[in-house]
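Peer 1: Listed below are the residues making up each chain.
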Amino acid sequence: MLFNLRRSLTAVVLFTVVCGFVYMLAGTGVAQLFFRHQADGSLTADGSTLIGQNWADVRCPGHPLGSCVFHGRPDDTGPYAADPATHTSGGDNPLVANGVKGESGATNLGPRSRALFEDTRALVAYWHALGVDPTPDLVTTSGSGLDPDITPADALVQVPMVARATGIAPARLRALIARETQPPALGFLGSPFIDVLSLNEALAKLR
Amino acid sequence: MTFAATLAALVVVLALTWRWLGSYMAAVFEGRVQFLAWIERPLYRALQTGPQREQSWRRYAESLVVFSAAFLGLGYLLLRVQGHLPLNPQHLGAVPPALGFNTIVSFVTNTNWQNYGGETTMSYFSQIGVLTVQQFVSAAVGIAVAIALVRGFSRGNSATIGNFWVDILRAVLYILLPISFVAGIVLVGQGAVQTLAGPVHIHDPLNGVTQTIPRGPAGFMGSIMQVGTNGGGFFNADLAHPFENPTGLTNFLYMWLTLSIPVSITHTFGKMVKSVRHGVALLVVMAVIFGGWVAFTTYAEHQPNPAVAAAGVQQKQTGNTEGKEVRFGDTTSALFNVTQTQTSDGAVDSASDSYNPMGGFGLLTGMMLGEVTPGGDGSGLYTLLIYAIIAVFIGGLMVGRTPEYLGKKIQAREVKLAGLGTLAMPLVVLVLTAVAVSLHAGRSAALNAGPHGFTEILYALTSQGNNNGSAMAGIAANSAFYNVLGAVDMLLGRFAILIPALALAGSLAAKGVAPASSGTFPTDSPMFVGLTIGVVLIVGGLTFFPATALGPIVEQLSHGRLF
Amino acid sequence: MVPTELGTVAGLGPQGTGSSRARGVAQARSLFDRQILGQALVGSVRKLSPAMQVKNPVMFVVLVGTVVTAAEAVAHPTGFSWSITVWLLLTVIFANFAEAIAEGRGKAQADTLRRMRSETEARRLLADGSEERVPASTLTRDDIVVCQAGDIVPSDGEVVEGIAAVDESAITGESAPVIRESGGDRSAVTGGTKVLSDRIVVRITAERGKTFLDRMIGLVEGANRQKTPNEVALTILLSVLTIVFIPVVVSLEAFGHFAATSVPIVVLVALLVCLIPTTIGALLSAIGIAGMDRLVQHNVLALSGRAVEAAGDVQTLLLDKTGTITLGNRMASSFLPVGDYSERQVAEAAQLASLADETPEGRSIVVLAKQRFGLRERELGDGHRFVPFSATTRMSGIDVDGRAIRKGAADAVKRWSTEQGGRTPADLDPLVERIARAGSTPLVVAEGPHVIGVIELKDVVKAGISEKFEAMRRMGIRTVMVTGDNALTATAIAQEAGVDDVLAEATPEAKMALIKSEQAEGKLVAMTGDGTNDAPALAQADVGVAMNTGTTAAKEAGNMVDLDSNPTKLIDIVEIGKQLLITRGALTTFSIANDVAKYFAIIPVIFEETYPQLKALNIMHLHSEMSAVMSAVIFNALIIVALIPLALRGVRFRATSAAAILRRNVWIYGLGGIVAPFVGIKLIDLILQATGVF
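Those protein sequences? They're chains A, B and C, same order as listed. Quick note: the first sequence, position 158, residue 158 per the working numbering, numbers continuous. Remember, the working numbering sits 207 above the position in the second sequence when you count from 1. Remember, the working numbering sits 770 above the position in the third sequence when you count from 1.
Just so you know, these hints were derived from the structure itself, not from any lab. Note that the Cβ used here is the ideal one computed from N, Cα and C, for glycine as well. It cannot be assumed that every hint is accurate.
Sample of chain A residues at the chain B side, in silico, Cβ under 7 Å [to be verified]:
#, residue
1, 40
2, 54
3, 148
4, 152
These stretches of chain B come out as covered by chain A in the derived footprint (C-beta under 8 Å, 3 or more residues) [what the hints assert, rightly or not]:
#, segment
5, 325 to 337
6, 673 to 685
Covered by chain B, according to a simulated footprint, are these stretches of chain C (three or more residues, beta-carbon under 8 Å) [claimed, not checked]:
#, segment
7, 822 to 835
8, 1000 to 1007
9, 1020 to 1032
10, 1315 to 1325
11, 1431 to 1439
The following block holds chain A by itself, in its conformation from the complex (with noise of 0.2 Å):
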């Protein structure tokens, strides 16, 4: 029993040092070498492509509604939530999600939660004042809290907003769309999607 306590300090030691940080530090050396980007967190001069935003807050001068960019989703407890007195901060921030500063989740509302009903219901009424008649994704939060895509067909029904919002003519914004879209992965594993970072930034030279 002694010894056996004693060869397992051994392996503990032993076990730390190679599956913890040979490993790591070995696999981040790696990663740092070729896939610099990447491991940094995939950054752009304006965020991350990976991590969602809030676009609700964005002023546009002389649209009151603020709808010169495209939405993402609406995580968190934004402008688009239940009780608008509530919130504090903006929209689809990352840093605050499922109540906790800092941390990335969902609302982890059940599915016949009256929480979730009236949420569902403020957004549905959110969008229908910016003249949008949402698809699902629009009006529900992702599992991670920041995601950053949308689908096709979540942009295409904000279009209407959009190019009222900037003047671009609608024609030219589901182009804008259609370039954004990038396919699943291999053709075929997840769904096709957005990038709304990349697709705002997009819009922002098109302007």
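Add chains B and C to chain A, keeping to what the hints say.
Peer 2: Just chains B and C now, kept in the frame of chain A:
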């Protein structure tokens, strides 16, 4: 269509993996693969052991328990003092005592239940030096126990079942490390973060938002957490987080990695007992149940979310999108969560809590079947073998012979140990759930009201009792009460099955091998497969039917009601 | 010659085992003999004592549950709680009843045997040669007793002097007397048997109270019945299935509280009793006792239950050729002339030579000649002399009317005719060789110097035996024929009989070696034997069936005794062993499968108040909460009674492959077990509803 293609691709890659990895693992544990002997030898010397020094099942179990206990102690210590250790760019303080205890138990038992948010609680040092290490070690321990049990079948009149130290070292060096490393590179290439540089602050001129984006060595942690069927990710959102699971391809890769060892080990079993057909029989048991659950759960998730529908949103094309990521979609997300709940991995790429009642039922019951379809690394096989022994016993009686499995007579001692192994999980889960719902500290943690709240609690204790680690994450389980209750749940769920499995290995190895004849219940036949499926479903079904009736089933039947 | 003949006749025994002739021990009793039923009813109440119940964990839980509901009924008396209490108690009583009824059959048989034992008186021979009369029960080992015609043999022993015909029908049920003589393999006598003729001196070999009769009484009564290995294993499994449902039910109370509802304790107990495997738990020991009883019905005494189970596991059967595979005697099958003789001339000479030959072979020659050529047995005058068979001459014959006719082994007869100046015909040797190669025995017939022809004596394989072996093969059992014959003869017979393998020129050592090598491969071996030299092999075999006609040594070495001394019965024993296990397995499956319906009956109704939507699960549309619970409990109790006949008779066994047996049983008892309670519970619910009780 893309879902069907995904499923087909998964079947194909797994078939290839089964063939290659399965026989490779057999070679590793039979000592036929030697290319890393130059690393092995000094390690054996340091541990004063070696392949020639075989252990009885008692010695094997003792080594395992002492080793795990040592890791529990050291891990707890490191979590408590992380504030004074390096690799802590966010200057995070000590992990609180109850949480630290729950966390280290969780990782040592291969559960990876997380009562903490990774990015806000754990320093890089803790993530690397404690959590990642356990993701290797706990998986290796599971594999070692499974291999020891397989040796019980493949050996005759033997007093020993292998050497624990050799088995875990080989599992780590030859299997877990290489696969995780290669997979880690692919994951980072796809966009997973891998840096020790700490969070980044960015101001976006397009919308005026300033973000603080947490980062860390998530890619290489992600690969071992899936290869080791651990499931505890770097970030709170786990594999829904785009920094861990950036694309449809990584999502697929994660599923593949999770399933590869538990599935392939049936081939290893077949190889080692010299009857690949027997391995195939177990594989079919796993595949049939798994397939059924995938069909059921993905169908359920393709239905509209009732609360969202009540708000007037038509979800015909999209299915239930609440808590799901756009890049994965509803059905693939459901497939992903089913693979993770049935492998004891427990990672999620979508919020289980927001699944439709029957979708959640699919995830919950997938765990309630005892994590055997295909279950965790090693633990899936040894638990399934325990169920198979029960099936063989009943089937053997029905053909009028003392039951035999692979020539080993299943007698009182085997039935007793298999009985213990089957009994442990339902007993622990039910009793602890009853305790939780009876006390205010337990009841008040549920986020959702009505039957869904009950489901959250039941899910939490089922997940920990099965060493799964997935959660209906609305539950506020980071309380002293749940931290301790969960730790008990995880320890019993792991060791109350693992130790009988080792005892079984010892008892079987000591027996002689009886030859099969046409009077023997054929244990590689469709009938055996059917009977074993029956035992798995019946044991799970009969023990958990009342509980699920009061959770997801009632919720499903509550048409038009909100809670 | 004559005495041994008688011995073999009895040794052959009846061919079938299901014959309806009167039996000694195994008097056929109907399954529900009125007297047994009465005793069983009393017994089932007496067995309620917790000390007895605790041996059966499943029923013990039911008993504890009954106490709990009774306490609850006393505290809060309602018709419902009392009804549940009564039915739970009935469940336990039904289980006891099943066991009592199984035991009752054995008890009745034991009583008959006991009566026989108590009345006997012995004449003990003292050292000075005088006799004294003592009660049989006082005899001990190495006492010497005398038995004369009309005496009952007082205890088990060995004949040390004399020869006598003994009626063993009291033990075996076989009415034909057998011969017992000193020395050799027929020296054992059994206490309780009756000497019919002559006088024998017997040395007692059994200790006081440990005679064969005592052992038999103990066995049929099941007094010191121990659980067999598989029964122990199954009891463990049933305990697991009982323990697991305790938290299921207890936690349900807590889960109910979460949903703001409270489940009455009576309902919880009722649910628990319905879920634990009471059906198999109640019938398990009855199945075991009935299995032993079935062996007794077949006139086989198993000295341990373990042996019965081992019989089901047997993979290799060693069968003696003589008496098991063949009728035991060679029969003349054809007359083959040599030289210029005709077949009829051979027949005539052979018949003449066999007239005085009372061996079965001799008689068969006479009969064949009559059948073939209508040759009648001739009345012989005074001028004839029989020449008996002897081991030195190896032939027999007759001298009559100046003719000297001999028949016998080829070389012996050839030598004899050459000595008379004859010449061996050229076609004789090839003919003899051909017959031998075909597995038959050639007897050469000669008259003086002239060799006339050959009688072919054939081993006659028992009718239907090859089908039996075919069935064995399907069951995965290898049959090995054991014979003293040479390999050539043995192989020919083996082929005709359809056995898998042959051990020819078998010596006891070779037999032993065969058993050991089979066992080394992990196989279980069964064999029969009767001689003292069989004893080591009988002890080595996993199932050793000693013939009752055999020696004491053989009977003590084996773990079963066949009172009919019919070696073919080994096959029946294997089937009984399998049937025993199958019955247990099938009822276990049935019991577990039942739970599905019981859940659907009980769970929806107990939460109906809080969650009316669960009504959707009440697929049987049971009337009310109380009637649903009542119906499930009543069904659970009645199914025990309904299955008692099955438990006692055993599940029908078919000799076929394991896969086929399994498929059949899974369908009947697995699927049937799921469906039956749906129907039963609904019916009971309808009745309860009609009577307006609940």
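Peer 1: Do at least three Cβ atoms from the segment 325 to 337 of chain B come closer than 8 Å to Cβ atoms of chain A?
Peer 2: holds (count 5)
Peer 1: Under a C-beta cut-off of less than 8 Å, do 3 or more residues of the segment 1020 to 1032 of chain C approach chain B closely enough to confirm the stated coverage?
Peer 2: holds (count 10)
Peer 1: Is the hint on residue 40 (chain A) kept, meaning its closest Cβ partner in chain B is under 7 Å away?
Peer 2: holds, 6 Å
Peer 1: Against chain B, run the beta carbon of residue 148 (chain A) and see if the smallest gap drops under 7 Å.
Peer 2: holds, 6 Å
Peer 1: Against chain B, run the beta carbon of residue 152 (chain A) and see if the smallest gap drops under 7 Å.
Peer 2: It is violated, given that the least Cβ distance between residue 152 (chain A) and chain B is near 10 Å, above 7 Å.
Peer 1: Taking a Cβ-Cβ distance under 8 Å as contact, does the segment 822 to 835 of chain C have three or more residues in contact with chain B?
Peer 2: Violated - the segment 822 to 835 of chain C has 0 residues with a Cβ nearer than 8 Å to chain B, which falls short of three.
Peer 1: Are there at least three residues in the segment 1431 to 1439 of chain C whose beta carbon sits under 8 Å from a beta carbon of chain B?
Peer 2: holds (count 6)
Peer 1: Less than 7 Å between beta-carbons is the criterion; does residue 54 (chain A) satisfy it with respect to chain B?
Peer 2: Because about 6 Å separates residue 54 (chain A) from the closest Cβ in chain B, which is inside the 7 Å limit, the hint holds.
Peer 1: How does the segment 673 to 685 of chain B fare against chain A when you require at least three residues with a CB closer than 8 Å, holds or violated?
Peer 2: With 3 residues closer than 8 Å to chain A, the segment 673 to 685 of chain B meets the three-residue bar; holds.
Peer 1: So is the segment 1000 to 1007 of chain C in contact with chain B by the C-beta rule, three or more residues under 8 Å, or is the coverage claim wrong?
Peer 2: holds (count 6)
Peer 1: Are there three or more residues in the segment 1315 to 1325 of chain C whose C-beta lies closer than 8 Å to some C-beta of chain B?
Peer 2: violated (count 0)
Hints 4, 7, 10 from the list above are not met by this structure, while the remaining hints are.
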